[in-house]
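Visitor: Sequence:
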Amino acid sequence: MLAGQTICGYVSSHFGWRSYFRVIPFLGMISFFIQLPSRGESDGLGRPEKHSKPLQMNFREVLRSIRVGSNVLLFLQGLPGSIPWGVYSSYLHDILANEKKFSADSVSIFSFFPHSQASSLFIFFGIGAAFGNVLSGLVCRFFYRVNRSYLPLAVAIGYLISMPLLSVLFSPSLSEGLSVSVSFLLHALLLAVLGVLLNIPGPALKSILLNVNRPQCRGTATAIGEVFNNAGRIVGPIVFTQMLREGDRVAAMLKISGFFYVSAALSFLLRFTIERDEDAVQEYVQNMKLSPLTPMSNHEEKTEKDPLLQHA
Numbered sequence: 001m002l003a004g005q006t007i008c009g010y011v012s013s014h015f016g017w018r019s020y021f022r023v024i025p026f027l028g029m030i031s032f033f034i035q036l037p038s039r040g041e042s043d044g045l046g047r048p049e050k051h052s053k054p055l056q057m058n059f060r061e062v063l064r065s066i067r068v069g070s071n072v073l074l075f076l077q078g079l080p081g082s083i084p085w086g087v088y089s090s091y092l093h094d095i096l097a098n099e100k101k102f103s104a105d106s107v108s109i110f111s112f113f114p115h116s117q118a119s120s121l122f123i124f125f126g127i128g129a130a131f132g133n134v135l136s137g138l139v140c141r142f143f144y145r146v147n148r149s150y151l152p153l154a155v156a157i158g159y160l161i162s163m164p165l166l167s168v169l170f171s172p173s174l175s176e177g178l179s180v181s182v183s184f185l186l187h188a189l190l191l192a193v194l195g196v197l198l199n200i201p202g203p204a205l206k207s208i209l210l211n212v213n214r215p216q217c218r219g220t221a222t223a224i225g226e227v228f229n230n231a232g233r234i235v236g237p238i239v240f241t242q243m244l245r246e247g248d249r250v251a252a253m254l255k256i257s258g259f260f261y262v263s264a265a266l267s268f269l270l271r272f273t274i275e276r277d278e279d280a281v282q283e284y285v286q287n288m289k290l291s292p293l294t295p296m297s298n299h300e301e302k303t304e305k306d307p308l309l310q311h312a
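For what it's worth, full-length UniProt numbering labels the leading residue of the sequence shown as 1, then goes sequentially.
Keep in mind that the hints were calculated from the coordinates and are not lab data.
Predicted model, so just to flag it, every value in this text is computed and none were measured.
Be aware that one or more of the hints could be misleading.
Straight-line alpha carbon distances no greater than 16 Å define the calculated EDC-like cross-link-like pairs of lysine to aspartate or glutamate that follow [unchecked claim]:
#1 Lys-100 x Glu-176
#2 Lys-101 x Asp-248
#3 Lys-101 x Glu-176
#4 Lys-100 x Asp-248
#5 Lys-206 x Glu-226
#6 Lys-206 x Glu-283
Now the in silico label distances, taken between C-beta atoms and shown as ranges [claimed, not checked]:
#7 Ala-231 x Ser-179: 12 to 22 Å
#8 Arg-145 x Leu-63: 26 to 36 Å
#9 Lys-206 x Arg-145: 31 to 41 Å
#10 Pro-237 x Leu-189: 36 to 46 Å
#11 Leu-63 x Val-182: 26 to 36 Å
#12 Glu-246 x Lys-101: 19 to 29 Å
Yeah, the Cβ is synthetic: ideal placement off N, Cα and C, and Gly gets one too.
Please work from the sequences and hints to get the whole structure.
Guide: What follows is the structure, given as structure tokens:
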């Protein structure tokens, strides 16, 4: 998403807005070389199912996903957590170019940034996002070794720290009385830090989603989660345009970012359910390993009758 905004800003300023749509399809061809792991491979099951499932079994997976407490919290937090991102992808570049007075045209600030100021700032946001994804993996590993119930707390803290930084980013004092170069550097630093903080929750919460679901239910749970995430990205611009009736775009941007507070609260509640749900999944996987000749689909029927597995 961030790369698209940056590429569009650079390419469009030189070759026109239509040129952007000629470049992106080539980047999409990378997906042809991505290999997905087999279902259950990371759990050591080694017996992935390759046949399609009947509709009744898929519906059963949906119901089972909804009954998992951690799943409900993960699904619900995805909606408010995605609302600001839907606005950032559509309006943040324009706000930097207009309200914050960073040119969207081809100008020279430094010798190594001879292009659009607003698009150049998105580079720093994107770099921060890349580091945030890497840092999220390290944070997950650390807390799973120390105490996994602290991981949702770390996610919530990341959201809470981001909010005052967002207020500073859109504050007029960050630009008043400063040269263009100094103002640019301050905004770039803030955007890089925000890129890190705002991109830690995503991978961390997805790792929790995988760990609290059985191997054969993870695809279903991920799909349900994406429905909530995509709904948030759609609702975000709609709510933002309604907020514009009562104020300017900067004020509306700060208000829309307040949805991160809701996501932080729901993420915090995960610390009370994550251990129970993950332990249930691990117990289920261990029972499957004890009967290696039994297909996953047969284990679904056994689960309904076996009291040991019913809570998974």
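Visitor: Going back to the hint list, which numbers does this structure go against?
Guide: 6, 7, 9, 10 and 11
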